[in-house]
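Trainee: Letter 61 of the sequence shown, counting from 1, is numbered 61 in UniProt numbering, and no numbers are missing.
Just to be clear, a hint being listed does not mean it is correct.
[Stated by the list, open to error] Dumping the calculated DSBU-like pairs for lysine-lysine here, alpha-carbon to alpha-carbon at most 30 Å: (1) 9 / 22; (2) 46 / 36; (3) 22 / 36; (4) 17 / 36; (5) 23 / 9; (6) 36 / 23; (7) 36 / 9.
What the hints contain is simulated information worked out from the structure, not anything from laboratory work.
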Amino acid sequence: MARGNQRDKAREANLKKQAAQKKGNAMTGNEMQRAKESAAEIMRQKQAAAEARKAEAGGKK
């Protein structure tokens with residue numbers, strides 16, 4: 001019986017380990033880099049728009 005229990009415990013531990021790996025990031029290095037660059041470009045555009053609005057509001061007063 002001890003071996004059966006040991007096998008079951010090992011199986012449970014392995015399933016838990018695999019579930020933890022699946023939770024992680026599924027993107028490859030290139031995909032991750034492209035996603036970061038895309039997000040950075042969007043943030044740069046937002047920042048430029050905010051600065052333009054501030055400059056426009058400052059010029060009107």
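Trainee: A separate judgement is required for each hint: does it hold in the structure or not?
Mentor: Here's how the hints hold up against the structure:
no., hint, verdict
1, 9 / 22, "holds (20 Å)"
2, 46 / 36, "holds (15 Å)"
3, 22 / 36, "holds (21 Å)"
4, 17 / 36, "holds (28 Å)"
5, 23 / 9, "holds (21 Å)"
6, 36 / 23, "holds (20 Å)"
7, 36 / 9, "violated (40 Å)"
The structure fails to meet hint 7 from the earlier list, while all remaining hints are met.
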